[in-house]
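Trainee: Take a look at the letters that make up each chain.
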Amino acid sequence: MADRHLAPDTPELRERWGNFAFTDANKAKADWHIAKYPEGRQKSAVMPLLDLAQRQVGEETDTQGWLPLPVMEYVADYLDMPVIRVVEVATFYFMYNLVPVGKFHVQVCGTTPCMLRGSDDIFSACKKRGMEKGKVSEDGLWTLTEVECMGNCSTAPMVQINDGNYEDLTVERLDAVLDALAAGEQPKEGTQEPGRRTSEPSGGPSTLKEMVTENHDYRGDW
Amino acid sequence: MPKVTVDGQEIEVPDGATVLQACELAGKEIPRFCYHERLSIAGNCRMCLVEVKPGPPKPQASCALPATDGQEIRTDTQMVKTAREGVMEFLLINHPLDCPICDQGGECDLQDQAVAYGRGGSRYDMNKRAVTEKYMGPLIKTVMTRCIHCTRCVRFSEEIAGVDEIGALYRGEDMQITTYLEQAAEHELSANVIDLCPVGALTSRPYAFEARPWELKKTLSIDVSDAVGANITLHSKGREVMRATPRINDDVNEEWLSDKGRYMVDGLTKRRLDKVFLRKKGGLKPATWEEAFKAIATAKPGKSIAAVAGDMVDCETMFAAKALLKASGSSLLEGRQTGMDYDVSNLAAVNFNTTFAGIENADAILIVGSNIRWEAPLVNVRLRKVVKRGAKVYILGPSWDPTYPATFLGEDLSVLSKLPKDLIDAFKATERPAIIMGGAALAKGALGAGLAAADKLKVVKDGWNGFNVLHFSAARMGGLMLGYAQKGGMADIAAAKPKVLLALGADEMDFEPFADSLKVYIGHHGDKGAHAADIVLPAASFAEKDGTYVNTEGRVQFAEKAVFAPGDAREDWTILRALADALGVSVGFDSFAELQAAMIAEVPALGEEGLADLGALPKADSKAKAEGAISAYPIKDFYLTNPIARASAVMQQCSAELLHSDELKEAAE
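For the record, the sequence lines run as chains A and B. The working numbering puts the last residue of the first sequence at 222; the count rises by one with no breaks. The working numbering puts the last residue of the second sequence at 1669; the count rises by one with no breaks.
Hints are not guaranteed to be accurate.
Calculated cross-link-like contacts (lysine-lysine; reagent style PhoX-like; alpha-carbon spacing at most 25 Å) [claimed, not checked]:
id	chain 1	residue 1	chain 2	residue 2
1	B	K1294	A	K133
2	B	K1499	B	K1456
3	B	K1619	B	K1294
4	B	K1665	B	K1636
5	B	K1385	A	K43
6	A	K43	B	K1388
7	B	K1619	B	K1456
8	B	K1053	B	K1028
9	B	K1237	B	K1217
To spell it out: a stretch of chain B is covered by chain A in this simulated footprint if at least three of its residues, at any positions, have a beta carbon under 8 Å from a beta carbon of chain A; those stretches are [stated by the list, open to error]:
id	region
10	1158 to 1172
11	1176 to 1183
Quick list of the computed label-pair ranges, beta carbon to beta carbon [said to hold, decoys possible]:
id	chain 1	residue 1	chain 2	residue 2	range
12	A	K128	B	Q1078	51 to 61 Å
13	B	P1057	A	G204	51 to 61 Å
14	B	Q1078	A	G195	49 to 59 Å
15	B	L1181	A	K133	23 to 33 Å
16	B	I1093	A	K133	19 to 29 Å
Since the hints were made in silico from the structure, they are not lab data. Note that the Cβ used here is the ideal one computed from N, Cα and C, for glycine as well.
My request is simple: use the sequences and hints to build the entire structure.
Mentor: See below:
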């Protein structure tokens, strides 16, 4: 598991983020989330609000965004709940970044199916491009994180970069994706295997073949 | 009432009981770490696994499983034994083997249960995890590597204390218990997490490396730091009280204790009066008992002698002084040192009539002039429960953080005579309304108006007396029962210009009006009283004598002697008995037993442990009005309210760090 820790509470951090406040657009979204819950249960909206805050920090810093302590305090204050409860949530879920990340947060799955399908090569390819686990690369573009199963085992190996999944990777396909991102383009999300649409069996169906074109009653075959 | 079978024994359990509780009712011990009777159920330690039929063929966590009719519960099968061994082995994977240097050793749940339910050895040979220490304030020492993540401390601070400050950060094996940014836990009950912690992760900082539990002599005592009268155990080693821990008493303190009651005991060895002192040429000089008694006798007080009782004296001391004064022909007794002069002709009117356990049944409460969190933190815990059940709380007085939603009615006491409509409506709709009058209201003479408001709000009903007065001096109710009250309060004593003034541990009183009196201080700490006194007679503190205390509910409780008083100090009653001889009067007792018998003969209620019957409330004077505003509450500093606490280094540190940290920071800059 990734080594997570809170960014230290320094005067510089306070100065940079102490005045954090939702933009009008985000405020509207935040209130929309809060309105989903009964009155007095506004703290149920802590997860979407943390996400909004992280995205806003990302916009302000041109990265994926992260959650500085003053921002968590702002969210706690916004929801009228104790800060420690907000920090508990933020430290529990890996989607909340606790330290600054690069513009592209490359989260490589290293759990068994991906590992068997070559995630080790994906890691080395990332490292070859100058990424280091838990660090922001020198050009400020990349942060590499090893994560656990993302639920894309049938299209392993995969990486998640910010909001997009890139699956069926090889070193070359990954390089193509990363190059495109670095160049400011938006590569195709999902499987990178030519001819494959989503997570259907690669090379065509191997079972239930009669079901491909029409509904077939197998009961007589048993 | 479901019927279940526990190990073949059929029992009936109350509705809503869990399987764990059913097993306990059947007399089976179920090991547990996270489950605690007074906290919510977490179900995360998995130690309480049992086998339950019907249900999946696997062990189930009994603490979180409701008992239902017809369940067959087994706690003695091989499956249960193996499951417990497995859980224990997992818990011990990351638990350090540092019992020899751990303060919890000897009273550790994990240690005991590992012996009782664990395997002989470990099969784990990799590195254990280590967690950095977390700062939690001057009272709680943390060794977080030992933490097994039961989350009792988290649940305590959220549910009982009402201050969300402890949380579990990160997840899985990285989970860490901490306060936000490692700030000190700022709550009057914070140290209770030390008792709750089943391992040595949270231990007592002041008591660190002081003693092992088996070396300590345990004495049953009563906490005198406030008028709740929490039941405590004093743990002493040799002549020193090492620590105080709460005893379970559901009627009084449940199983909590305020930080002051717990940690002021180190003050028992500091600034002690251990010699007789006489004021000569302006300074207090050591002297002998003979010289002191002679000096008092030469003052020839005759009838002109007065006694003022302090906040922490026991009933026996007060009775001995009363007997001495009676024999001299005086009745100048007063215990309300700060000059309060409320009417005490009916003690029910100055008593906490609902009782602490009873206040939990209230459904609307009006608090007049009391910062309950500081005046009686353990009562505030009860009020939190009341509010959780949906009761409304109104507070008249300056704002403070009650930890539960409450409506503040401002500082103006005249509101008591013309209560806002929504309050009257809220009270009308309830069955068990209650009023709590605090010291700030009594000092402003609002008792009469409070009784009138109680009458108007109908807080007295069949089987329910909702009129409460919350004192914060342990000696107050006992003193009032013994007649330590003048009509005009301290002013009457001053007006009588006594030749001799006996200050029985009275440190909060104003000595200025007594400039011409011979001031004899009989007490245990070199505090304000001793500074002002002409003669200082060293006496025993609450830990050094047997004594009777009456808490603010009128509950009579006995405390036992844990250690001997230091140096020349004597138990208070022996000093007063000797003084009687010096003054040539007879008080009629020569032993503690005789003294107690005489006291009980005069006030029979003091002879019986439990609630004293103080009768019904007086008829309210509907014209009684309260005026003025409550500008502040009497307690300025929670940690330094009595001479023992003021002498305690721990309490001083708490006060500096938790209440005056801003000033500290400014000073540093």
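Trainee: Are the hints correct? Go through all of them and say.
Mentor: The hints, checked one at a time:
1. Of the supplied pair hints, the one linking K1294 (chain B) and K133 (chain A) is violated, its CA atoms being roughly 84 Å apart against a limit of 25 Å.
2. At roughly 46 Å between alpha-carbon atoms, K1499 (chain B) and K1456 (chain B) are farther apart than 25 Å, so this suggested pair is violated.
3. For the hint pairing K1619 (chain B) with K1294 (chain B), the CA-to-CA distance comes to about 49 Å; that exceeds 25 Å, so the pair is violated.
4. Our distance criterion of 25 Å between C-alpha atoms is met by K1665 (chain B) and K1636 (chain B), whose separation comes to about 20 Å.
5. A threshold of 25 Å between alpha carbons decides the hint, and for K1385 (chain B) with K43 (chain A) the separation of about 21 Å falls inside it, so the pair holds.
6. Among the hinted pairs, K43 (chain A) with K1388 (chain B) is consistent with the structure: their alpha-carbon atoms are about 18 Å apart, no more than 25 Å.
7. Among the hinted pairs, K1619 (chain B) with K1456 (chain B) is consistent with the structure: their alpha-carbon atoms are about 12 Å apart, no more than 25 Å.
8. Taking the CA atoms of K1053 (chain B) and K1028 (chain B), the gap is about 17 Å. The hint holds against a cut of 25 Å.
9. With a C-alpha separation of about 6 Å, the suggested pair K1237 (chain B) and K1217 (chain B) falls inside the 25 Å cut-off, and the hint holds.
10. Remark: the region 1158 to 1172 of chain B is confirmed as covered by chain A, as 9 of its residues place a Cβ nearer than 8 Å to a Cβ of that chain, reaching the required three.
11. With a threshold of 8 Å between beta carbons, the proposed coverage of the region 1176 to 1183 of chain B by chain A holds, since 3 of its residues qualify and at least three are required.
12. Checked against the given bound of 51 to 61 Å, the beta carbons of K128 (chain A) and Q1078 (chain B), roughly 55 Å apart, stay inside it.
13. Take P1057 (chain B) and G204 (chain A): their Cβ atoms lie about 42 Å apart, and the range 51 to 61 Å is violated.
14. Range check, Q1078 (chain B) to G195 (chain A): about 56 Å between beta-carbon atoms, so the 49 to 59 Å window is met.
15. About 26 Å separates the C-beta atoms of L1181 (chain B) and K133 (chain A), a value consistent with the hinted range of 23 to 33 Å.
16. A hinted range of 19 to 29 Å for the beta carbons of I1093 (chain B) and K133 (chain A) is consistent with their spacing of about 25 Å.
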